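Q: Chain residues, written in single-letter form:
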Amino acid sequence: MNRFDFLRPASVAEAVAAAAEPGSAYLAAGTNLLDLMKIGASRPERLIDISRLPGLDRIEWLADGSVRIGAMVRNADLAYDARLAKAFPSVAEALLSGASAQLRNAATVGGNLMQRTRCAYLQDTASACNRRVPGSGCDALYGENRLHAVLGWSENCIAIHPSDFCVPLVALDAVVEVEGADGRREIVVDDLHRLPGATPEKETALAPGELIVGLRLPAAAAAFSANSRYLKLRERTSYAFAVVSAMAALRIEDGTISEARLALGAIAAKPWRVREAEAALLGVTPSVEAFARAAEIALAEARPSGDNAFKIELARRITVRALTLALEGTPAVMPALPASPFSTDPGASHVA
Amino acid sequence: MSLSISLTINRQSRTVTLDDPRVTLLDLLREHLYLTGTKKGCDRGQCGACTVLVDGRRINSCLSLAASLDGAEITTIEGLAVGEALHPVQAAFIACDGFQCGYCTPGQIMSAVGLIAEGRAGSDPERIRELMSGNLCRCGAYQGITEAVLEAQKTMTAEKGRDAA
Numbered sequence: 001m002n003r004f005d006f007l008r009p010a011s012v013a014e015a016v017a018a019a020a021e022p023g024s025a026y027l028a029a030g031t032n033l034l035d036l037m038k039i040g041a042s043r044p045e046r047l048i049d050i051s052r053l054p055g056l057d058r059i060e061w062l063a064d065g066s067v068r069i070g071a072m073v074r075n076a077d078l079a080y081d082a083r084l085a086k087a088f089p090s091v092a093e094a095l096l097s098g099a100s101a102q103l104r105n106a107a108t109v110g111g112n113l114m115q116r117t118r119c120a121y122l123q124d125t126a127s128a129c130n131r132r133v134p135g136s137g138c139d140a141l142y143g144e145n146r147l148h149a150v151l152g153w154s155e156n157c158i159a160i161h162p163s164d165f166c167v168p169l170v171a172l173d174a175v176v177e178v179e180g181a182d183g184r185r186e187i188v189v190d191d192l193h194r195l196p197g198a199t200p201e202k203e204t205a206l207a208p209g210e211l212i213v214g215l216r217l218p219a220a221a222a223a224f225s226a227n228s229r230y231l232k233l234r235e236r237t238s239y240a241f242a243v244v245s246a247m248a249a250l251r252i253e254d255g256t257i258s259e260a261r262l263a264l265g266a267i268a269a270k271p272w273r274v275r276e277a278e279a280a281l282l283g284v285t286p287s288v289e290a291f292a293r294a295a296e297i298a299l300a301e302a303r304p305s306g307d308n309a310f311k312i313e314l315a316r317r318i319t320v321r322a323l324t325l326a327l328e329g330t331p332a333v334m335p336a337l338p339a340s341p342f343s344t345d346p347g348a349s350h351v352a
Numbered sequence: 001m002s003l004s005i006s007l008t009i010n011r012q013s014r015t016v017t018l019d020d021p022r023v024t025l026l027d028l029l030r031e032h033l034y035l036t037g038t039k040k041g042c043d044r045g046q047c048g049a050c051t052v053l054v055d056g057r058r059i060n061s062c063l064s065l066a067a068s069l070d071g072a073e074i075t076t077i078e079g080l081a082v083g084e085a086l087h088p089v090q091a092a093f094i095a096c097d098g099f100q101c102g103y104c105t106p107g108q109i110m111s112a113v114g115l116i117a118e119g120r121a122g123s124d125p126e127r128i129r130e131l132m133s134g135n136l137c138r139c140g141a142y143q144g145i146t147e148a149v150l151e152a153q154k155t156m157t158a159e160k161g162r163d164a165a
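Chains A and B are the protein sequences, given in the same order. For reference, each letter of the first sequence is one residue, going 1 to 352 in the UniProt record's numbering. For reference, each letter of the second sequence is one residue, going 1 to 165 in the UniProt record's numbering.
None of these hints come from the bench; they were simulated from the model. In this text, all values refer to a predicted model and were calculated from it rather than measured experimentally. In this text, a Cβ means the ideal position worked out from N, Cα and C, and glycines have one as well. A hint or two may mislead.
[Unchecked claim] Rough simulated footprint, nothing fancy, chain B against chain A, three-plus residues with beta-carbon under 8 Å:
1) 47-61
2) 253-266
[Said to hold, decoys possible] Far from chain B by the CB rule (all over 10 Å, computed), these chain A residues:
3) Asp5
4) Ala29
5) Gly30
6) Leu34
7) Asp35
8) Asp190
9) Gly197
10) Ala205
11) Pro218
12) Ala280
13) Leu282
14) Val288
15) Arg293
[To be verified] So, partial list: chain B residues that the calculated Cβ filter (under 10 Å) puts toward chain A:
16) Arg44
17) Gly48
18) Arg57
19) Leu65
20) Ala67
21) Asp70
22) Arg120
23) Glu126
24) Arg127
25) Glu130
26) Gly134
27) Asn135
28) Leu136
29) Gly140
30) Met156
One chain only, chain A, in its complex shape (with noise of 0.2 Å):
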């Protein structure tokens, strides 16, 4: 690990102002960043540690329904929220699905959104990686990329966004609070990560310095509650990255799908909300048939960027389960084995 110089800044104010200076990076649990350090993939100069500004590890209800969550409340804390978890309970389902119980007990809402993504060829500093070292090439694309991007991908960078979390965020038109020196703006979730285009290095629409203080999910999205899935599919049955993973949410009003909305992950760049699926179920009455049509339209401009173009079927195959399990409605109880479809029953007989 590099040398660097470690800062407490004491507000949220004092702790941006203290990144203005460049080679600056925030410290929230660091279950990311000093991995990433430790094997040199990463090298800040000077780290800021925000784990403990006051005022930001709550979760408020505001008076319109929606919710307020705190950059620092930690991922634990917030899946058994017992009012989120009710809400928005694919929320729920994502956040424990990701991780062991012990990371999520130190993660935090803003790092999980700022995690970079887990590619080997990011870590390892012997391979060249456009994102590490910009116009260093991606050595992914001739390499191992089995679990790589089938959408959004360029010749530049083929790496996926890992987050479980952020998949129900996006579809659930979340909203990040983020403070800079130029003051406070917000971003829409979906906004939030970038496809890597001619820049991979460029992972986000943060400047330099900024800092996600807080996470809002709007009321309207509590609407779908009784209809919500997050699933994963893994290559063991907990503590592993999706190889693919999708949310979908239903209202359903005289059976029809009055609203739908899906979004799939660890396929692209950025957890990938596919709108056109959204409105293809639109007025539908819910089948197997138009859950393979929505499917058919998220996956179409799919196509692998190495050893992967099992993942765009095994990617139709999660939508179309995560739908036919939203349909079937939201567990009463979280699944003793959150967001996996290989659950040996889905829910109520695992109560505790």
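Use these hints to put chain B onto chain A, whose structure you have.
A: Relative to chain A, chain B alone:
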């Protein structure tokens, strides 16, 4: 640059001066305070051998900078037993054969203590396995580990009931 932090470690207050901010909680415990019960496995948050409680919550000490923990209360495997009397989770791991080589065991036990305190698994072995998935065991003692967690939870619930009565 040197940083001074105050920690409560196994119920004992300590002031620690860090001459380098790169020290993780794991390295602080093992290399500076000689509390070597907490193990270093992967050092990357993937194996759980370094699990300790910080303010009562289980975390991976390898992915936590000591400098960011000023004021925290830490419990390690050394802080569980009271004299010769084992903590119920320690006793259950022995009774249920919850280990073979023992290297992952301090992390498994601390994780189990955290899990029982969280109170979200009930007596469902599937939930226990899921909530213990952050602790790898290369010997494959998972069957015994799951039984030990169930057993310890039963003992602790009964003790709590007795105390309340």
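Q: Tell me the hint numbers this structure goes against, listed in increasing order.
A: 2, 3, 4, 5, 6, 7, 29, 30
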